[in-house]
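Undergrad: Residue numbers (our numbering): 14 to 80.
Keep in mind that the hints were calculated from the coordinates and are not lab data. All clues given are correct.
Keeping only pairs whose Cα atoms sit at most 27 angstroms apart, straight-line, the calculated DSS-like set for lysine-lysine is:
hint: 1; residue 1: Lys18; residue 2: Lys28
hint: 2; residue 1: Lys18; residue 2: Lys44
hint: 3; residue 1: Lys44; residue 2: Lys28
These numbers were taken from a predicted model, which means no experiment stands behind them.
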Amino acid sequence: MLSEKFLNEFEEYLKSGRLEEDYACSAEDRKVEILEYLERFMDLAEEADRAATRLLMPGLSAVPPDK
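Sequences and hints are given; from them, build the entire structure.
TA: What follows is the structure, encoded as structure tokens:
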């Protein structure tokens, strides 16, 4: 499970501009890794949204979750 500390640190990393600095100073393989990490995080955010919807609106759970 994610910790509040991790989420706070990741939020600060995104908002501070350090992500962009790291990306700008990275080799191509690291840039790809950064973009893949962000893409995975966005995919997880979509899944978290679906989970929150299922928790808050259990009547909608009759609709099967996306695969």
